[in-house]
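Residue numbers (the working numbering), protein chains in the order written: chain A, 9 to 124; chain B, 7 to 120.
Check each hint, because a few of them may be wrong.
[Claimed, not checked] PhoX-like, lysine-lysine: derived pairs with alpha carbons at most 25 Å apart: (1) B:Lys43 / B:Lys100; (2) A:Lys38 / B:Lys100; (3) B:Lys77 / B:Lys100; (4) B:Lys11 / B:Lys62; (5) B:Lys43 / A:Lys38; (6) B:Lys43 / B:Lys74; (7) B:Lys62 / B:Lys100; (8) B:Lys11 / B:Lys100; (9) B:Lys100 / A:Lys60.
Hints were generated in silico from the structure; no laboratory data involved.
Being a predicted model, the structure only gives us computed values, none of them experimental.
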Amino acid sequence: DAGVTQSPTHLIKTRGQQVTLRCSPISGHKSVSWYQQVLGQGPQFIFQYYEKEERGRGNFPDRFSARQFPNYSSELNVNALLLGDSALYLCASSLGTSGQGSYEQYFGPGTRLTVT
Amino acid sequence: DQQVKQNSPSLSVQEGRISILNCDYTNSMFDYFLWYKKYPAEGPTFLISISSIKDKNEDGRFTVFLNKSAKHLSLHIVPSQPGDSAVYFCAASKRQTGANNLFFGTGTRLTVIP
Numbered sequence: 009d010a011g012v013t014q015s016p017t018h019l020i021k022t023r024g025q026q027v028t029l030r031c032s033p034i035s036g037h038k039s040v041s042w043y044q045q046v047l048g049q050g051p052q053f054i055f056q057y058y059e060k061e062e063r064g065r066g067n068f069p070d071r072f073s074a075r076q077f078p079n080y081s082s083e084l085n086v087n088a089l090l091l092g093d094s095a096l097y098l099c100a101s102s103l104g105t106s107g108q109g110s111y112e113q114y115f116g117p118g119t120r121l122t123v124t
Numbered sequence: 007d008q009q010v011k012q013n014s015p016s017l018s019v020q021e022g023r024i025s026i027l028n029c030d031y032t033n034s035m036f037d038y039f040l041w042y043k044k045y046p047a048e049g050p051t052f053l054i055s056i057s058s059i060k061d062k063n064e065d066g067r068f069t070v071f072l073n074k075s076a077k078h079l080s081l082h083i084v085p086s087q088p089g090d091s092a093v094y095f096c097a098a099s100k101r102q103t104g105a106n107n108l109f110f111g112t113g114t115r116l117t118v119i120p
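Required output: the full structure, derived from the provided sequences and hints.
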């Protein structure tokens, strides 16, 4: 079975530009979460979506937005990129947001974003 | 404010011996805990989890212990193998809030020496 997939693998952008990252969850998983991991730190929660609705948002500015599609795939958008947005962006999927089997999240390989 | 802490950035262990990775948390609302392993250029891989109603969970070579009163958990790997060399992250969630987003520690780099 395919795991969580993310695209692109790497991305280089210039300050002020906009970027879109994509994620496909494990088949059967209806919830997708996005995390940002900067060097030397653990992943930090950005967004969670379930059944196309936002279910949670971390402490990130409004420049960050996301959406989930009917097939449960998701996009993360970041506008007006700053140098500090350079990080590994991880997507994770889970069966749901609550209930049996929903509490383990399974991560994709990530998208490495470099802002110059 | 780091709610999940891993105070040891690195740990080296001989092959065949026990590896013990530690994690502390500050938020008493956390009721589900997970350990992930991460290799370079890969996403975190789920290892093992434990609910706050238990104090131990075992899966093969991996055992997680939870001490709620101390707000402390640990991951034991026995016996350690060179392939276990990776960065290990402790994570916590607040199931009772109906959400499952994870709060991560900063990770411990485990090196298993052959």
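Mind checking the alpha carbons of Lys38 of chain A and Lys100 of chain B for me, to see if they're no more than 25 Å apart? Measuring from Cα to Cα gives roughly 19 Å; hence the hint holds.
Taken at face value, is the distance from the CA of Lys74 of chain B to the CA of Lys43 of chain B at most 25 Å? With Cα atoms ~23 Å apart, Lys43 of chain B and Lys74 of chain B stay inside 25 Å; holds.
Sort out whether Lys100 of chain B lies within 25 Å of Lys43 of chain B, counting only the CA atoms. The given pair, whose Cα atoms are some 21 Å apart, holds under the 25 Å limit.
What's the verdict on Lys100 of chain B and Lys60 of chain A, does the C-alpha distance respect the 25 Å limit or exceed it? The hint holds at about 22 Å.
Is the hinted pair Lys62 of chain B and Lys100 of chain B satisfied, with a Cα-Cα distance of at most 25 Å? holds, 19 Å
Check whether the Cα positions of Lys77 of chain B and Lys100 of chain B lie no farther apart than 25 Å. Distance of about 14 Å is within 25 Å: holds.
Given the hinted pair Lys11 of chain B and Lys62 of chain B, is their alpha-carbon gap at most 25 Å? Holds, at roughly 20 Å.
Given the hint that Lys43 of chain B pairs with Lys38 of chain A, does the C-alpha gap stay at or below 25 Å? holds, 24 Å
Taking only the CA atoms, is the gap from Lys11 of chain B to Lys100 of chain B under or equal to 25 Å? holds, 16 Å
Violation of the numbered hints given earlier is absent; every hint is satisfied by the structure.
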